[in-house]
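So the protein sequences, as listed, match chains A and B. Here the working numbering is used: position 261 in the first sequence is 261, and no number is missing along the way. Start counting at 1 in the second sequence, then tack on 338, and there's your number in the working numbering.
Read the hints as simulated data drawn from the structure, not as lab findings. Possibly wrong hints are sitting among the right ones.
Stated by the list, open to error - No farther apart than 20 Å at their CA atoms in a straight line, the calculated lysine-lysine pairs in the PhoX-like style are these:
no., chain 1, residue 1, chain 2, residue 2
1, B, LYS349, A, LYS88
2, A, LYS30, A, LYS88
3, B, LYS373, B, LYS451
4, A, LYS11, B, LYS349
5, A, LYS11, B, LYS431
6, A, LYS93, B, LYS349
7, A, LYS198, B, LYS431
8, A, LYS88, B, LYS536
9, B, LYS584, B, LYS469
10, B, LYS536, B, LYS349
Stated by the list, open to error - Distance windows between CB atoms, simulated:
no., chain 1, residue 1, chain 2, residue 2, range
11, B, VAL379, A, ARG288, 55 to 61 Å
12, B, LEU492, A, LEU92, 31 to 37 Å
13, B, GLU371, A, LEU92, 54 to 60 Å
14, B, LYS477, A, SER34, 48 to 54 Å
15, A, LYS93, B, ARG425, 39 to 45 Å
16, B, LYS404, A, LYS93, 45 to 51 Å
17, A, SER34, B, ARG413, 29 to 35 Å
18, B, MET400, A, ALA330, 58 to 64 Å
19, A, SER34, B, PRO585, 51 to 57 Å
20, A, TYR40, B, LEU492, 31 to 37 Å
21, A, SER159, B, PHE414, 27 to 33 Å
22, B, GLU371, A, GLU206, 47 to 53 Å
23, A, GLU248, B, LEU492, 43 to 49 Å
24, B, LYS584, A, GLU206, 48 to 54 Å
Note that beta-carbon positions come from the ideal geometry of N, C-alpha and C, so glycine has one too.
Single-letter residue listing:
Protein chains: 2
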Amino acid sequence: MPELRQNPFTKQWVIIATERAKRPHELARKLEESKPLPSYVETCPFCPGNERLTPPESMQMMRDGKWQVRVVPNRFSALSRDGELTRKVEGLKVVVNGVGHHEVIVETPDHSKTTALLSESEVELVLETYKQLYINITKDTRVEHVTIFKNHGLAAGTSLEHPHSQLIATPIIPPAIRNRMEEALRFYDVQGQCIFCKVLSDELAEQVRLIHETEHFVSFIPFAALTPFSMWIFPRRHMAAFPETKPEELRDLARMLRTILAKLYYGLGNPDFNYIVRTAPCEGRYLRYYHWYLTIVPRLTRMAGFELGSGMYINPTIPEANAEFLRGIAIPADSTPR
Amino acid sequence: MPELRQNPFTKQWVIIATERAKRPHELARKLEESKPLPSYVETCPFCPGNERLTPPESMQMMRDGKWQVRVVPNRFSALSRDGELTRKVEGLKVVVNGVGHHEVIVETPDHSKTTALLSESEVELVLETYKQLYINITKDTRVEHVTIFKNHGLAAGTSLEHPHSQLIATPIIPPAIRNRMEEALRFYDVQGQCIFCKVLSDELAEQVRLIHETEHFVSFIPFAALTPFSMWIFPRRHMAAFPETKPEELRDLARMLRTILAKLYYGLGNPDFNYIVRTAPCEGRYLRYYHWYLTIVPRLTRMAGFELGSGMYINPTIPEANAEFLRGIAIPADSTPR
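Please work from the sequences and hints to get the whole structure.
Right, here's the structure in full:
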């Protein structure tokens, strides 16, 4: 019998479609089939030596006299850095001037790598860059919220191969964050507790959906995972905002993120995926009821008319079975680029 | 300067990204490049003569002694027709038994057709089938809401070529409907008016986003279109629920739907698309504040990490320019399958 499960943070429903359930390995592609990338591509705007192909950098993290992580404004920026924050309301038409920031984080000079194949210290440097960039950009008082995300592969919305992630700073609070805050506050009003802390402690007690634990972070498949293998990484310590993460926690997060992405890489054959840092609005750094976390969404299925129409999802896999599968995926000691 | 525009029904924001704006024809593919389909495919479960490949039909609409529209339960049903409606709440884990209906509407015996290439009376018969099926299925008191939708093409989530649409009847009210009802009620509370009727009359007055008008329906591009060329078809008469549509209105809707889809077909070169009938919950047939409408979403761009993370969208086209483009697309008098 299929089950409808509800995401407690958003009240979204997912149909766990047992009648069409696929076993985890059925969603994997063969790693050998994904063709190895070259370390350098002459026309790639993110490869070293081609820096002239991007706008001047906003930030650089250096190593041995060369850049290791490089931040540049998006050439096709969705928002404009210049201009005043204005709002125009004409009846039901509401328009806010599109001011904000849209930056690209080039994660490594090496075109051929992917996060799963970077070293822990390289991933750590990427996360440090996120934090530093967040802090720099939120000095701009027009910014209400910052979304940090990564698109890996065509199905995840990018045709650029060179490992990169993005940051978009918006002059409004996005609905996906507002929605979570409203539900979390409702829970806090009654229970006097952070709903995210509660889910984390429930998952740690129940264990069946856990993937991996580190000193400061826990990763698991949500009970109501909307899509196959979508995963959450939660900080154990209550923190509303990503930039509150301490240096030793960032280092630990690098270890966690790399491990989880390597499990995906080796377990499902380098699938396309997105990840997103879901952090509180700029003004909500110390909220007691909101808790930042990282969502990873492998793009193994497609949104069709039902999802677009209902806001519900059909997940043709079993979250508990997927978690068990990922727990069992070992990462080769010599995890280097192919 | 980019603009952030807000959908008044959902409070979703879209960035109209003028800096990367594409002109309408840049999103078109060449119609000549989409390969013509055969009228009959031996292995297609929806072609006449292959009826044994589907479960027994739930409904048939006959013409000249043969079926013209055929409804069958989905072989890989997301929900189960049998079983009791039960709910299990364990802390923050909420589970509803997956009971409901998942039906496939085969729109024509001809494998090679698409809605744009059917005759008006053929489209009318499909819409009549939707209505009759809705009425039949909602006799099941476990059903709270019915989503009727179509997936056309791979990017829209289907690999089945034979023209078909689907109906999923759920034992809960989907969040996308609940969300619209809440916002609409909030508006009604203050203004004493249906927010959908208000948007319709504003669009008729402003004209710039209109695509096509018929006696009973109006189609336009939303002011805050989340994706390029997403379109709405609104009934002029206030009706909360699709099955309230009268026979002469259905006939008129067939004319409208076929016209709009033909404009897409000829204007953008047979793009993949979804459409969805957004109707009130079963118990809300006569709501004064909700208004059913049809949404068409061509799948010309992809959801990436920003959309998944923020619930916001980036639309790299201008709604007003797209509406003008579609108004100018003429439909060949002899619109027959290629």
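Tested hints:
1. LYS349/B <-> LYS88/A: Distance ~15 Å between LYS349/B and LYS88/A Cα, so the pair holds.
2. LYS30/A <-> LYS88/A: violated (52 Å)
3. LYS373/B <-> LYS451/B: Distance of about 12 Å is within 20 Å: holds.
4. LYS11/A <-> LYS349/B: holds (17 Å)
5. LYS11/A <-> LYS431/B: holds (11 Å)
6. LYS93/A <-> LYS349/B: holds (11 Å)
7. LYS198/A <-> LYS431/B: This hinted pair holds, its Cα atoms lying about 11 Å apart.
8. LYS88/A <-> LYS536/B: Holds. LYS88/A to LYS536/B sits at ~19 Å (cutoff 20 Å).
9. LYS584/B <-> LYS469/B: Since the Cα atoms of LYS584/B and LYS469/B sit roughly 10 Å apart, the hinted pair holds (cutoff 20 Å).
10. LYS536/B <-> LYS349/B: Given that 20 Å is the threshold and the Cα spacing comes to 16 Å, the pair holds.
11. VAL379/B <-> ARG288/A: 55 to 61 Å: holds (60 Å)
12. LEU492/B <-> LEU92/A: 31 to 37 Å: holds (36 Å)
13. GLU371/B <-> LEU92/A: 54 to 60 Å: Distance hint for GLU371/B, LEU92/A is violated at roughly 40 Å.
14. LYS477/B <-> SER34/A: 48 to 54 Å: The hinted range 48 to 54 Å holds for LYS477/B and SER34/A, with Cβ atoms some 50 Å apart.
15. LYS93/A <-> ARG425/B: 39 to 45 Å: Given a distance of about 41 Å, which is inside 39 to 45 Å, the answer is holds.
16. LYS404/B <-> LYS93/A: 45 to 51 Å: holds (50 Å)
17. SER34/A <-> ARG413/B: 29 to 35 Å: Holds: the Cβ-Cβ distance is about 32 Å, inside 29 to 35 Å.
18. MET400/B <-> ALA330/A: 58 to 64 Å: holds (60 Å)
19. SER34/A <-> PRO585/B: 51 to 57 Å: holds (55 Å)
20. TYR40/A <-> LEU492/B: 31 to 37 Å: Holds, at about 33 Å.
21. SER159/A <-> PHE414/B: 27 to 33 Å: Between SER159/A and PHE414/B, where Cβ atoms are some 32 Å apart, the hint holds.
22. GLU371/B <-> GLU206/A: 47 to 53 Å: holds (52 Å)
23. GLU248/A <-> LEU492/B: 43 to 49 Å: holds (46 Å)
24. LYS584/B <-> GLU206/A: 48 to 54 Å: Holds, at about 53 Å.
Checked against the numbered hints given earlier, this structure breaks hints 2, 13; the rest are met.
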